[in-house]
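The sequence shown lines up with residues 1 to 489 when you count with full-length UniProt numbering.
Treat the hints as calculated values from the structure; they're not laboratory data.
Treat the hints with caution; some may be incorrect.
Stated by the list, open to error - Derived lysine-lysine pairs resembling DSS-like cross-links, with alpha carbons at most 30 Å apart: (1) Lys13 / Lys27; (2) Lys75 / Lys197; (3) Lys409 / Lys375; (4) Lys20 / Lys3; (5) Lys12 / Lys27; (6) Lys375 / Lys330; (7) Lys330 / Lys358; (8) Lys12 / Lys33; (9) Lys33 / Lys13; (10) Lys105 / Lys84; (11) Lys105 / Lys78; (12) Lys75 / Lys105; (13) Lys20 / Lys33; (14) Lys13 / Lys3; (15) Lys375 / Lys358; (16) Lys3 / Lys27; (17) Lys409 / Lys428; (18) Lys197 / Lys358; (19) Lys197 / Lys78; (20) Lys428 / Lys375.
Just so it is clear, the structure is predicted and the values come from calculations on it, not from any experiment.
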Amino acid sequence: MIKVQDVEFIRKKFHQDAWKIREIARKLGIHRKTVRRALRTEGIPQYRLGKGRSRPVLGPYEGVIQEWLREDEGKPRKQRHTAKRIYDRLVEEHGYGGSESGVRKVVARLRPRMEEVFIPLSAEMGAMAQVDWGAATVVLDGVERMVHLFVLRLRASGVLFSRAYLRESMECFLDGHREAFEWLEGVPRHCVYDNLKTAVLRILSGPERMETAMMSALRSHYLFDSIYCRPRKGNEKGSVENGVGYVRRNALVPVPDCRDLPELNERLRAWCDRDRRRRALWAEEKAALAPLPPTAFASCLTRVVTVSSQLLVSIETNRYSVPLSHRGQKVLARVYPDRVEIADRERVLATHLRLEGKNGLQADIRHSLPVLAHKARAVSQAAALNPLPAVFREVRDHLLRTRRREGWKEMVAILLLLIEYPQDEIEKALVRAQETMLFRADTIRQFLLLNRAPPVPPPAAVPMALQGVSVPCDTPAHFDTLLLVGETR
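Generate coordinates for the entire structure from the input sequences, incorporating the hints supplied.
Below, the structure written as structure tokens:
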């Protein structure tokens, strides 16, 4: 196609300088017909689509190829037709005798027509939040491991909240909402989700879903509506899909090295605070959020369990200790993301850190003390001592080695101090007992009392008016005269 600059040259030379067409063609090295066509052009030359070439070999198969591509819609991306697979099927099923390159060109031409068209969306202030899970690698207590990121993003302002959990369970899903809404200090009117198992029991026709009971309870408490994407249509909540990657790239690079999960979440929250301050529309959207309910949502799963003869309850194959007074009774276990609470109808009986993995034991030695008082020999192998600091087991081993039978009772007496004193104070007293080689329970109690004794106050300052006063001291013998006075009376 002739360039715009050449058209300008041709028109000026012909109309202004009176050049002949033959002379212009010779000067530019083009055909005279091209010069005449340029002279007929008054504006910018327009590109004209050429007539498509006929494909006598492949043409009859284009309808088949188009049908296969249409069938691929909604199928998993990794199981859709490639150009190579289409070529193979044409050869095997339809006797195609043309080239593979021709099939590739037709597929490349037809496939863009099959792609879904998207419409840019907007949201009113406070109207919509999008929720999703992601994963990231972090270092916790020196061990590299994967954590699950709960991410909630407000659609209008782009404000984003993220919190890390060790699992994508129901209680973590609930806790993520509670933490996010409290951080936002408000609730959006709608939340958009994938068809998560924690939220959806069954996908019904169209947008209808059969939700889990806990999802309904969450919506009822915070009074928001849920919207679910079509299956395999994560683009319908693309804002939070991008938000998961945004958190990974900006808050978790380099890979954070933290003491534990709470420290990691403190860092994430501080990053969310900084990112929120950058969002120009945050103040406007915050004002449009619905207020929080007066009470916090209990982000836990509750189940009824029975206390065994070992004063333990089993939750997800892990065992947790319960006080002696509830042996054989049914109690409520509230399972939170980070802890397990065991309660009766009136009060919380025990609170334990939640165990990871399977077949673990989380025992509070205070729950076993009434039993140990009557079965002192069990102290030599009691599993409840394992979570205690090493000094407890060192003192036990010393007592059993040096005092044999009396050592059992002495160790139980030491453990009974846990009812009166905090564990860290007893730990310090046991360290002092090792230094002095005094291992009796009454001696350790004295160490505890000494640690709690108030410090001796410093000497009081002498008032200025009395600093120059000198009081003479007499000898004790002079006070004997007072005794004589008493006798005469």
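Any of the earlier hints contradicted here, and which numbers? Violated: none.
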